[in-house]
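Colleague: Sequence:
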Amino acid sequence: MGFINRAVSASLFEHRNRSFWLLQTAGWAGYALVNYIGSLMHEMRGIYFVVLLLGAYAGFLLTIPLRYLYQRIWELHPAWLMLVVILSSYVVASVWAVIDNATYWEVYKFGFRPDSPFFYFKNNLAKFYIILSWSGLYFGIKYYQMLQSEKQKALMASSRAHQAQLKMLRYQLNPHFLFNSLNAISTLIMVRENDVANRMVNKLSHFLRFSLDNDPIKTIPLEKEIEAVALYLDIEKVRFDERLEIQLDVSDQAKKALVPSLLLQPLIENAIKYAIARVEDVGVLTLRASVEEQQLLISLCDNGPDAPAEPQQLLSGNGVGLQNTQDRLASLYGKQFELRMKRNEPQGLCVEITLPYQTLETK
1 MGFINRAVSA
11 SLFEHRNRSF
21 WLLQTAGWAG
31 YALVNYIGSL
41 MHEMRGIYFV
51 VLLLGAYAGF
61 LLTIPLRYLY
71 QRIWELHPAW
81 LMLVVILSSY
91 VVASVWAVID
101 NATYWEVYKF
111 GFRPDSPFFY
121 FKNNLAKFYI
131 ILSWSGLYFG
141 IKYYQMLQSE
151 KQKALMASSR
161 AHQAQLKMLR
171 YQLNPHFLFN
181 SLNAISTLIM
191 VRENDVANRM
201 VNKLSHFLRF
211 SLDNDPIKTI
221 PLEKEIEAVA
231 LYLDIEKVRF
241 DERLEIQLDV
251 SDQAKKALVP
261 SLLLQPLIEN
271 AIKYAIARVE
281 DVGVLTLRAS
291 VEEQQLLISL
301 CDNGPDAPAE
311 PQQLLSGNGV
321 GLQNTQDRLA
331 SLYGKQFELR
341 MKRNEPQGLC
351 VEITLPYQTL
361 ETK
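Going by the working numbering, the first residue of the sequence shown is number 1, and it counts up by one from there.
Read the hints as simulated data drawn from the structure, not as lab findings.
It cannot be assumed that every hint is accurate.
Label pairs and their calculated CB-CB ranges [claimed, not checked]:
hint, residue 1, residue 2, range
1, H77, L40, 41 to 49 Å
2, G334, F20, 15 to 23 Å
3, R113, Q152, 24 to 32 Å
4, G38, Q148, 30 to 38 Å
5, R340, F139, 33 to 41 Å
6, E75, Q148, 14 to 22 Å
7, I141, L83, 17 to 25 Å
8, H77, K224, 56 to 64 Å
9, P78, T25, 23 to 31 Å
Lysine to aspartate or glutamate pairs mimicking EDC-like chemistry, simulated, CA-CA at most 16 Å apart [claimed, not checked]:
hint, residue 1, residue 2
10, K256, E223
11, K342, E352
12, K224, E193
13, K237, D281
14, K203, D234
Quick reminder that beta carbons are idealized off the backbone N, C-alpha and C, glycines included.
Can you make the complete structure from the sequences, with help from the hints?
Modeller: Right, dumping it as structure tokens:
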């Protein structure tokens, strides 16, 4: 999936790069054509067409550096961005005016030289408007491309999120999971633990309702996500009894952070299936969450045996939980997230997720 994402990004970059050169060439060719048509009304000599071509070519070349400059200053504050655009456009227009005037005098006026060097800047204000218009078109097209990219990203995120939901529900509601849950409830009824069994049925129904009611493309506060995970863990605790211990270390600030719904459940189910179930003594799941430098840091660790020497390689495997999580985060956050795997000391595995810190107030 990561390879596909990189391929799509490369394709979009190549498409935008090709579009720039096509528009750049067509725009300046159109500029030369319009000026040529205007020259016919004034009965200019045929050699004037060469002057127009050279002038358009100079404008073509001089605006190329502007593109790379604008790419570098894209993240500036709007006021500074506007100031840089105006100044750079004026500088380029002045250079273009000098080249255009010198070409006109050399080719059309047979080597004419003005008395004052200020004449070289003749018509630079008109050319400033042209370069400023070029800059406006560049930013307009760029913002349009960004808007289309965001729409495409949102559609892709929605599609992948719903696919992830279907896979997640298939992963959750497999016969093994339901068998264990219902068998635990049946056992409680047999030993006349009816109150406990009733609570377990309620927790199971609430968890399934949460899974079905929450759109996976929506974000919810981490506190609500942990409440849903607690319902799932309560069901698993009946199965493992005293062999499952849950440790939570979540800051108040982190509880307000928005995360994709059901982000943690597939990771916890992975940890229970591949780690806790293999622990001979007490299996410990530790969930930590904090906020540092406007980044939400989530860590889920287990104390299972036989952790791989290179845990990061698990992300490129065929595991449903990790793959779904990675795909959803890539769709929702692009490059603004990190998903890491590392060994837990003295034994076990940790999944670490870094997301942009957002709350209901800041979103």
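Colleague: For every hint, state whether the structure bears it out.
Modeller: Quick rundown of the hints versus the structure:
A hinted range of 41 to 49 Å holds for the C-beta pair H77 and L40, which are about 46 Å apart. The beta-carbon spacing between G334 and F20, approximately 22 Å, falls within the hinted interval of 15 to 23 Å. Taken as a hint, the range 24 to 32 Å is violated for the pair R113 and Q152, whose Cβ atoms sit roughly 55 Å apart. Checking the proposed 30 to 38 Å range against G38 and Q148 shows it holds: the Cβ atoms sit about 35 Å from each other.
Against the hinted window of 33 to 41 Å, the Cβ-Cβ separation of R340 and F139 comes to about 37 Å, which satisfies the hint. Range check, E75 to Q148: about 20 Å between beta-carbon atoms, so the 14 to 22 Å window is met. Separated by about 21 Å at the C-beta atoms, I141 and L83 satisfy the suggested range of 17 to 25 Å. A hinted range of 56 to 64 Å is violated for the C-beta pair H77 and K224, which are about 35 Å apart.
Between P78 and T25, the C-beta spacing of about 30 Å keeps the proposed range 23 to 31 Å intact. With a C-alpha separation of about 7 Å, the suggested pairing of K256 with E223 holds against the 16 Å cut-off. Only pairs whose Cα atoms come within 16 Å are accepted, and K342 paired with E352 is accepted, the gap being roughly 8 Å. Taking the CA atoms of K224 and E193, the gap is near 29 Å; set against the 16 Å cutoff, the hint is violated.
Between the alpha carbons of K237 and D281 the distance comes to roughly 14 Å, so the proposed pair stays at or under 16 Å and holds. For the proposed pair K203 and D234, the alpha carbon gap of about 8 Å is at most 16 Å, so the pair holds.
The structure is inconsistent with the numbered hints 3, 8 and 12, although it conforms to all the rest.
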